[in-house]
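Required output: the full structure, derived from the provided sequences and hints.
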Amino acid sequence: MDYLFTDEQKMIKELAHKIAEEKVRPAAAKYDISEEYPWDVIKVIAESDLFGLFIPEEYGGMGVNITNLCLATEELSRACGGIAVCYAASALGTFPIVLFGNEEQKKKYLPDLASGKKVAAFGITEPEAGSDASAIKTTARKEGDYYILNGLKHFITNGGDAETYTVIAMTNKDKGARGASAFIVEKGTPGFTFGKKEDKFGIRASSTRELIFTDCKIPAKNLLAKEGMGFIVTMRTFDMSRPGVAAQALGIAQGALELAAKYAKQRQQFGKSISSFQGIQWMLADMATEVEAARALVYSCARAIDAGAKDVSRESAMAKMYASDVAMKVTVDALQIFGGYGYMKDYPIEKYVRDAKITQIYEGTNQIQRNIIGLQLVRDAGKV
Amino acid sequence: MNIIVCIKQVPETTEVRINPETNTLIREGVKSIINPFDMYAIEESVRLKERFGGKITIVTMGPPQADAALREAISMGADEGVLVCDRAFAGSDTWATSYTLAGAIKKIGTFDLVICGKQASDGDTAQVGPGIATHLNIPQVTYVKKVEEATDKSMRVERMLEEGFEIIETPLPALLTVVKEINEPRIPSLKGLLRAKSSKITMWGQKELGLDPQKIGLCGSPTQVVKIFTPPQRVGGQILKGEIPEIAAQIVELVRSEVN
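Going down the list, the protein sequences come from chains A and B.
Under our numbering, the residue at position 128 of the first sequence is numbered 128, and the numbers go up by one with no gaps.
Under our numbering, the residue at position 230 of the second sequence is numbered 230, and the numbers go up by one with no gaps.
According to the in silico footprint, chain B covers these stretches of chain A (three or more CB under 8 Å from chain B): (1) 4-12; (2) 16-28; (3) 39-50.
Capping the alpha-carbon separation at 25 Å, the derived lysine-lysine pairs in DSS-like fashion look like this: (4) B/Lys31 x A/Lys10; (5) A/Lys137 x A/Lys226; (6) A/Lys43 x A/Lys197; (7) B/Lys191 x A/Lys43; (8) A/Lys13 x A/Lys262; (9) A/Lys262 x A/Lys272; (10) B/Lys197 x A/Lys13; (11) B/Lys191 x A/Lys10; (12) A/Lys329 x A/Lys265; (13) A/Lys43 x B/Lys180; (14) B/Lys31 x A/Lys13; (15) A/Lys43 x B/Lys146; (16) B/Lys31 x B/Lys197; (17) A/Lys10 x B/Lys197; (18) A/Lys18 x B/Lys180; (19) B/Lys191 x A/Lys18; (20) A/Lys187 x A/Lys197; (21) A/Lys43 x B/Lys197.
Everything labelled a hint here was simulated from the structure, so no lab data went into it.
Heads up, the beta-carbon is just placed ideally off N, CA and C, and yes, glycines get one too.
Put into structure tokens, the structure is as follows:
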């Protein structure tokens with residue numbers, strides 16, 4: 001389908017496609033096994049200016065444009081969901097600064113994130129605070145010109161490898177959700193260390209670690225927006241970043257579909273290509289239709305954000321939920337087309353199934369996305 | 001360091017098909033790309049610019065669509081593109097091509113270095129680079145795999161030979177042809193692509209270059225293509241088995257039967 005992208009957007013898509021085919025795909029299996037951070041590929045992505053796609057031009061970026069970010073993320077994810085999330089998670093960690101940073105904070109942090117010299121990470125999740133983000137226990141106590149952070153964040157993508165962290169901590173426990181605040185924390189700050197690196201089912205090229213704050217003293221000027229704005233920062237950030245997760249899921253689904261169609265053509269059984277069987281063709285047709293429907297949702301949501309639509313929580317949740325459910329279904333079906341070979345690690349398809357699963361879980365489980373959509377429907381129904 | 005890189009747009013295929021009647025390449029339906037060897041030349045020029053500063057001008061001779069090749073080179077970090085394009089240049093062989101490109105380089109004016117890929121993937125002659133150096137009357141170093149040192153007056157490079165390598169120092173200006181071992185061409189940046197899109201490409205024809213009409217195009221090309229054919233595929237050899245004296249006896253027998 002022609003999505004009528006601009007010349008610049010087509011250029012971004014082609015560039016990301018080239019990087020994906022020449023640099024990401026050949027490295028995918030290696031990093032899936034080693035679980036090392038793919039710095040060499042990140043460097044190529046950085047040198048191609050793709051980290052600039054979520055940063056304003058005045059701070060060295062290419063301008064904030066969610067459609068552009070989704071195009072790049074989709075293409076990179078087609079080749080490897082793990083390497084792509086290293087990139088996308090930097091956008092997630094950067095959005096709080098782009099959306100709520102003051103001039104001084106933007107000038108200090110954004111240029112290095114735009115050039116990809118540094119990557120970012122976002123820290124909200126804690127062992128006891130997953131879907132219930134308001135249950136976070138990490139605290140930030142103000143002392144003069146400093147805040148003292150104490151607590152533990154876990155499952156933090158890019159944790160340990162990122163240089164710039166945006167972290168949500170409680171500044172006033174009595175106020176509940178309104179007592180949370182957002183901070184910028186630099187790697188290397190005394191009292192800020194990293195816990196174990198998680199051994200994951202999928203997206204193994206990306207790093208996932210605990211962030212440990214032990215009397216970690218950060219300058220008060222690292223507070224984003226105002227005290228008590230932590231959850232607003234988080235919600236606005238997720239509204240911007242969810243289409244990116246959706247694009248990641250979309251890319252994984254598209255990549256799996258392409259591999260399955262190619263394999264079906266090559267694979268001979270009963271004296272002919274299995275792609276000549278209606279059973280296989282119908283599977284491929286359903287997969288392709290669902291992928292296209294997900295794509296339409298992802299890009300219409302991204303475009304709405306770029307056009308300045310005010311309330312995008314519902315659309316953003318729909319895109320993330322639908323695209324990730326499609327990714328899960330399509331990758332499993334793609335593996336089915338590969339048959340027994342698909343179950344073996346010698347073939348690339350089983351990795352797509354593993355990489356797809358996380359997209360239904362992180363940045364809000366798909367059940368939480370349904371809550372967001374459902375709640376808004378019920379609210380709107382009450383208005384009539 | 002001011003560098004000129006000569007590139008060629010070629011069909012993207014390793015299996016070039018030839019029209020048996022006209023003995024020309026079948027270009028229909030084949031995407032055009034920059035000759036892969038020229039990508040190393042472009043990359044090396046960008047690396048030298050990063051080390052020493054200066055300006056990179058890309059020159060190509062070809063039809064108007066070769067504009068795309070120049071823009072791709074600009075997206076990788078070159079500064080300007082010159083398209084040498086004129087019906088009068090059509091049918092040029094390697095001699096006329098190198099004469100014409102040398103004419104364009106003279107018109108560009110001052111330069112320290114000319115870099116070419118070692119050969120084009122379609123013609124495979126490896127003659128145009130050396131031809132340009134001859135027409136410009138400057139030193140040439142072919143099959144360069146590494147630039148060791150450079151000053152504004154000289155350059156020390158490693159040449160790749162079939163057995164080992166050779167280190168050569170040449171005064172500048174000079175012409176290098178480079179092999180694929182020299183570097184890994186970069187993927188362009190988005191900023192580079194945007195710059196390439198809006199760059200103005202200079203177009204020069206015979207009118208601008210004012211070359212000797214007897215030395216350009218088909219009439220300036222002494223090469224005569226008599227016949228083009230695909231060499232017959234080599235058939236598999238024969239493996240002799242057994243102890244050494246037995247094999248020796250078999251060889252003697254084989255030679256004898258061949259002689260008879």
